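Modelling step: build the complete structure from the supplied sequences, incorporating the hints.
Same order as they appear, the protein sequences are chains D and Z.
Note that this note's numbering numbers the first sequence so that position 70 is 80, with each residue one more than the last.
Note that this note's numbering numbers the second sequence so that position 140 is 150, with each residue one more than the last.
Hints were generated in silico from the structure; no laboratory data involved.
Quick caveat, the model's predicted, so the values are computed rather than measured.
There's no promise every hint is true.
Just so you know, same-sequence chains aren't split out, so a pair can sit in one copy or run between any two.
[Said to hold, decoys possible] Keeping only pairs whose Cα atoms sit at most 20 Å apart, straight-line, the calculated SDA-like set for lysine to any residue is:
no., residue 1, residue 2
1, K123, P137
2, K123, A135
3, K123, D160
4, K123, R111
5, K123, I149
6, K123, R142
7, K123, Q156
8, K123, Q138
9, K123, H141
10, K123, A82
11, K123, H140
There are 2 protein chains.
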Amino acid sequence: MPPLQERNMPFHSYMDIALAEAHAAAARGEVPVGAVIAGADGVIAQAGNRTRELNDPTAHAEMLVIRAACAALGQERLTGYDLYVTLEPCPMCAAAISNARIARLYYGAGDPKSGGVAQGPRVFAHPQCHHRPEVYDGIAAQAAEQLLIDFFVARR
Amino acid sequence: MPPLQERNMPFHSYMDIALAEAHAAAARGEVPVGAVIAGADGVIAQAGNRTRELNDPTAHAEMLVIRAACAALGQERLTGYDLYVTLEPCPMCAAAISNARIARLYYGAGDPKSGGVAQGPRVFAHPQCHHRPEVYDGIAAQAAEQLLIDFFVARR
Numbered sequence: 011m012p013p014l015q016e017r018n019m020p021f022h023s024y025m026d027i028a029l030a031e032a033h034a035a036a037a038r039g040e041v042p043v044g045a046v047i048a049g050a051d052g053v054i055a056q057a058g059n060r061t062r063e064l065n066d067p068t069a070h071a072e073m074l075v076i077r078a079a080c081a082a083l084g085q086e087r088l089t090g091y092d093l094y095v096t097l098e099p100c101p102m103c104a105a106a107i108s109n110a111r112i113a114r115l116y117y118g119a120g121d122p123k124s125g126g127v128a129q130g131p132r133v134f135a136h137p138q139c140h141h142r143p144e145v146y147d148g149i150a151a152q153a154a155e156q157l158l159i160d161f162f163v164a165r166r
Numbered sequence: 011m012p013p014l015q016e017r018n019m020p021f022h023s024y025m026d027i028a029l030a031e032a033h034a035a036a037a038r039g040e041v042p043v044g045a046v047i048a049g050a051d052g053v054i055a056q057a058g059n060r061t062r063e064l065n066d067p068t069a070h071a072e073m074l075v076i077r078a079a080c081a082a083l084g085q086e087r088l089t090g091y092d093l094y095v096t097l098e099p100c101p102m103c104a105a106a107i108s109n110a111r112i113a114r115l116y117y118g119a120g121d122p123k124s125g126g127v128a129q130g131p132r133v134f135a136h137p138q139c140h141h142r143p144e145v146y147d148g149i150a151a152q153a154a155e156q157l158l159i160d161f162f163v164a165r166r
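Quick look at the structure:
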């Protein structure tokens with residue numbers, strides 16, 4: 011696929027959908043993180059965090075959206091597809107993004123506490139990482155971060 | 011829970027069940043990795059790798075067994091439970107083991123190519139890691155490794 015600029019890809023629209031998924035997660039009492047997988051033909055899958063609802067510590071938005079996209083496409087890899095997520099992926103999700111062969115990762119807010127892309131294990135930075143997506147950070151970061159702040163302030 | 015020695019825990023028996031799950035995975039045409047979660051009362055869940063069958067790059071044995079154990083117990087965390095797996099977990103599974111608050115991780119063969127515990131991102135080694143299990147490696151490592159070698163030789 012041609013790079014972002016040439017495709018004139020509406021990545022802010024995709025991040026808006028991810029933000030809507032994060033809002034919906036907050037309304038369910040879940041930590042507000044949302045994710046979208048899109049290809050040349052648009053959105054393939056979208057999901058929000060459901061760890062509490064599903065009693066599943068692996069049910070982060072990125073994991074659910076990868077599983078949903080693979081199910082929709084009937085394939086084990088998402089080569090050429092892009093993932094949009096409102097928060098920097100944790101190490102589990104970063105490694106799943108690599109395993110799924112996602113082409114490009116767009117994320118919103120950085121996560122100094124639990125992020126695994128730009129800090130901590132920096133999953134894509136090791137020679138053992140078999141596939142590295144292109145990474146674009148800070149997309150709609152302020153909206154994503156405010157959503158998290160509002161959620162945790164309300165919970166106190 | 012008291013440490014392993016005091017409980018006289020039959021960890022070789024649990025690893026035998028994990029090896030049986032790995033054998034079953036190979037018979038399904040999946041990379042042969044198997045996992046078990048056990049607590050003071052014995053096995054809670056067991057699973058083998060199903061990435062191909064499920065078209066799901068996240069369906070590693072460890073992820074499936076964590077999800078199954080959480081579902082069986084109706085809880086999001088596995089505090090006090092132990093995970094047995096025939097191969098060193100990848101970064102995705104290592105981070106999931108941390109997220110699930112697994113008490114002890116027993117694994118068989120090391121995985122220089124894709125492991126995330128003793129090499130590469132070393133997921134548990136970072137200050138950002140919120141929960142570190144006790145790690146015991148090399149349990150029935152030769153049997154686990156031979157199973158992988160036989161599988162990949164047969165596939166050539």
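Exercise. Using 20 Å as the alpha-carbon threshold, which applies to K123 and R142: within, between, both, or neither?
Worked result: This pair counts as between: shortest inter-copy Cα distance 15 Å, intra-copy 22 Å.
Exercise. Between the shortest in-copy and the shortest cross-copy C-alpha distance, which are at most 20 Å for K123 and H140: within, between, both, or neither?
Worked result: between (25 Å within a copy, 9 Å between copies)
Exercise. Checking K123 and A82: alpha-carbon separation at most 20 Å within a copy, between copies, both or neither?
Worked result: This pair counts as neither: shortest intra-copy Cα distance 33 Å, inter-copy 30 Å.
For this session: Measure nothing new, just compare the shortest in-copy and cross-copy C-alpha distances for K123 and P137 to 20 Å and report within, between, both or neither.
Result: Close across copies (9 Å), not inside one copy (24 Å); limit 20 Å.
Exercise. What label fits K123 with D160 when the C-alpha limit is 20 Å: within, between, both, or neither?
Worked result: within (17 Å within a copy, 42 Å between copies)
Problem set entry | Homo-oligomer pair classification [Q138, K123; C-alpha up to 20 Å] | Close across copies (6 Å), not inside one copy (24 Å); limit 20 Å.
For this session: If the cutoff is 20 Å on CA atoms, where do K123 and A135 land: within, between, both or neither? Let me know, please.
Result: Classified as both: same-chain Cα gap 18 Å, cross-chain 14 Å, threshold 20 Å.
For this session: First find the shortest C-alpha distance between K123 and H141 inside one copy, then the shortest across copies, and answer within, between, both or neither for a cut-off of 20 Å.
Result: between (24 Å within a copy, 13 Å between copies)
For this session: Classify it for me, K123 with Q156: is the Cα-Cα distance of at most 20 Å met within a copy, between copies, both or neither?
Result: Within. Shortest intra-copy distance 16 Å satisfies the 20 Å Cα cut-off; inter-copy 39 Å does not.
For this session: State whether the alpha carbon distance between K123 and R111 is at most 20 Å within one copy, between copies, both, or neither.
Result: Close across copies (17 Å), not inside one copy (25 Å); limit 20 Å.
Problem set entry | Alpha-carbon proximity context of K123 and I149, limit 20 Å | Classified as within: same-chain Cα gap 19 Å, cross-chain 33 Å, threshold 20 Å.
Of the hints listed earlier, the one the structure fails to meet is number 10.
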